[in-house]
Amino acid sequence: MISLIVTLSLFLIYLLLLWKTRPPKEMVSYRTVSAGDVDANYDSKMTLSKNIYNLNMISGGKNINLHDFDVYVVIGNSMKIHEIGDKDFIIVDRLYGNDKYNVKKGSALLLEIDRNKDEKDKNIASGDNKVEFKLRRHISYIDSTEDFDTWFNNLSADNKDIFAQQEHIRSKYENSVEKYKQNNSDAKNFVFTFSSTLDERTNEVKYSFHPVKFLNGIVKYVVKNEDVPD
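Going letter by letter, the sequence shown gives residues 7 to 236 in my numbering.
For the record, the hints were derived by calculation from the structure and aren't laboratory data. Idealized CB from N, CA, C, for every residue including glycine. What you were told as hints is all true, and nothing was included just to trick you.
Computed beta-carbon distance windows for the label pairs:
{"no.": "1", "residue 1": "E206", "residue 2": "S146", "range": "20 to 30 Å"}
{"no.": "2", "residue 1": "N60", "residue 2": "I87", "range": "22 to 32 Å"}
{"no.": "3", "residue 1": "D167", "residue 2": "N108", "range": "19 to 29 Å"}
Work out the full structure: start from the sequences and follow the hints.
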């Protein structure tokens, strides 16, 4: 009986030693993208024990090499109406040249935060190690040479929510054009993306304009946080 107790005690000690000397979990650093409170100061990187690169992802019968894309962790829930939630992973296909002008309506955009805006107008406060990107849902493009009313009437013909916010959207557009010209004195013709996001505080859809030059990429895949094992 005593020998059995001793054996069990030694076995428990062995298990305890194994637990204490186990290798630490592999931690992975990811860049972040803002999809939350517009006044928050999010860090540009987040370290997690979840390693998305260990996933075997397949699309269209082909393996997806995540190293061919940019991977970000989402902070916030302003894109939850598009099934992108807080701490989800987004796989981004970076855009270059003319591809920035051919994004399909409804695509989730990765936009670089404009650091040249006035401090009070910045969506995310500036500073070292602060988030550099934000998410928006693409709706349309508008060229600075277009007539706003013609563009708006075509756009809002089948969207009552957009139609109801005509003056607000006009004001947003005019302010965006003015600020762009202030920061780009030699600009003549330029193009904006018109996009939407959900204001988490009011639960209302908000609209905004962003110069195409700040369009970094589009979300190709979304991986839910719970689908990435520790």
